[in-house]
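So the protein sequences, as listed, match chains A and B. Just so we're aligned, residue 5 is where the first sequence starts under the working numbering, counting upward by one. Just so we're aligned, residue -4 is where the second sequence starts under the working numbering, counting upward by one.
Keep in mind that the hints were calculated from the coordinates and are not lab data. Mixed in with the good hints, there may be bad ones.
To be verified - Below, a list of computed lysine to aspartate or glutamate pairs in the EDC-like style, where the Cα atoms sit at most 20 Å apart:
| no. | chain 1 | residue 1 | chain 2 | residue 2 |
| --- | --- | --- | --- | --- |
| 1 | B | K68 | B | E(-1) |
| 2 | B | K144 | A | D176 |
| 3 | B | K239 | B | E5 |
| 4 | A | K42 | B | E199 |
| 5 | A | K139 | B | E154 |
| 6 | A | K234 | A | D176 |
| 7 | B | K19 | B | D75 |
| 8 | A | K139 | B | E279 |
| 9 | A | K139 | B | E(-1) |
As the structure is a computational prediction, the values presented were derived from the model and not from experiment.
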Amino acid sequence: MITAGIDVGIESLKAVILKDGKVLARGTGLSGGANRAKAVEQVWSDALAAAGLSPSDVSRVIATGQGKHDVRFADDRVVEPVADARAARFLYPGVTAVVDIGADQVRLVTLGKGDSIMEVVMNQKCAAGLGIFLKSMARTLGMTLEEISRLPDNSPGDAAVNDGCSVFAEMDALGLLNRNTPREEVARAIIEAIVVRINSILNEKIRPAEAATVLVGGVSRNTAVVNALKRRSGINFVIPEQAEYAGALGAALIAAG
Amino acid sequence: MTQEYWRWTESSWTSKDIDWKKAKTITAGVDIGTNSTQAAIMCDNLLFGYANLRTGPDYRESAGAAMRQALGKSAMTLKDIRYTVGTGWGSRNVPFAQKTVDEINCHARGARFMYGPAVKTVVDLGAQTCKAIRLYAWDRIRDFMINDKCAVGMGRGIEVMADLMQVPIQEMGERSLTVGRDPEPVSTTCYAFANTEAIGLFREGYQESEVLAAYLFAIAWRIHGMVGRVQPEKELAFTGGLAKNTGITKRLEREMGMTALTSEYDPQLAGAIGAALIAQKMVEKA
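Same shape as in the complex, but just chain A (with noise of 0.2 Å):
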């Protein structure tokens, strides 16, 4: 049985195509704004041509994040902790919590018995920390995303940005530029300050003594800031390959049944 699941979120939006537990095909591009509708059909013809599918091959579609909405043709919807519940069992049985950073929202799902979920927590309201963030910076500093994600974990210096508001961290970074701190430096004090952010909402919710953490979304792609997080949270996450693509591997797991 071939099904798929479609994830979009503010940024971008993400397709897996999958057949008996294999994913055929993936899918990814920018959500935009207006044309959500016409980005999703590009994204799902774009995934279908990479497997080699026409549309009336696929059984089931079923649509998550916050641009659910968006896939006019989907069969169901999801909401995402669900989605990124049954991805993380899928691909680590026997996970007791799954963490999703995204552009801008942060989800921590912790696991119970079962298909179940204990509990959600999320960012409220404020994005700081997160994948828009993290863009926006990079480009002060005139640096790629995959520079900054190349750096070394070194404990940042003096170097220090606000951790509790990306608008603040914004101008303390400008404010370090301005003293002729290094580029580097000054991303090393804000990706400090990103996972200070992210453990807040983390907020000791997740006992690493016990089975593994799942970290998906598409700011864990980011290795400087996985490993940041990883030493300030003491939390040794386990990180899929293509872990941005969780929410829509989840969602065509569960149109799979």
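Mind docking chain B on chain A? Use the hints.
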């Protein structure tokens, strides 16, 4: 290569007609802002050259690059410039400047050059801050206001929004003006909240132009509140990068009940031009 919606156009120009060797006083101004850096070269009362480019992570390098581009292919070099004034957020990082002057005075001076001596109110619409400057009829500052801490970063927020909406930043203003009537503005407290709220409007069935209208109206509304506190009077001039966003300027004019003057000069140059003119005063005093 994915289109970069946030990237606004950099520019530079150097005069081919002005015989700078005949000028009495050649001065320069460099304005290092949080997002953009400008250099302006004045030969007496004429603008000889300018550059407007994105501020990089190395401010001193940005100052040098702006200066080089303003000099262009002319035979003029830094040595020919009698006095340079640095201004803006990064004013301390113009190594070849003889003096730094605050951007309030520089914008006021530049605005009077660009828009005429009748200017009494200057609103500088920048990437991080907005400033309202009120002048006496003569060349003195009467009052000024700057937005408070939580309201910073509007220009930055607009760049992020251009990306999220996939609308080229230079088209945002015009597209927002195609609405019949402005919808309710989005939250005005913090640009990060405003961005999220605006994207959410699509789900409520808003068209692109309506989302832009709600977003830019919020910005204009917030600025208007601040400008009101300096008791604005005609003539009005807008400076800074966001002065190019008609979605903000038209709405600000509407709320203020005042039409701003227009100029042949790029409004982003006001600080640098003003700095170069103040540099002239420094030469005259010496």
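To see whether the hints hold, each was checked on the structure:
1. B:K68 / B:E(-1): violated (29 Å)
2. B:K144 / A:D176: OK: B:K144 and A:D176 at ~12 Å, within 20 Å.
3. B:K239 / B:E5: holds (13 Å)
4. A:K42 / B:E199: Given pair A:K42, B:E199 holds - Cα atoms ~17 Å apart, limit 20 Å.
5. A:K139 / B:E154: Within the cut-off at roughly 11 Å; holds.
6. A:K234 / A:D176: Outside the cut-off at roughly 24 Å; violated.
7. B:K19 / B:D75: holds (11 Å)
8. A:K139 / B:E279: violated (47 Å)
9. A:K139 / B:E(-1): Status holds; Cα separation ~13 Å.
In summary, the structure is inconsistent with hints 1, 6 and 8 from the numbered list given earlier, while agreeing with the others.
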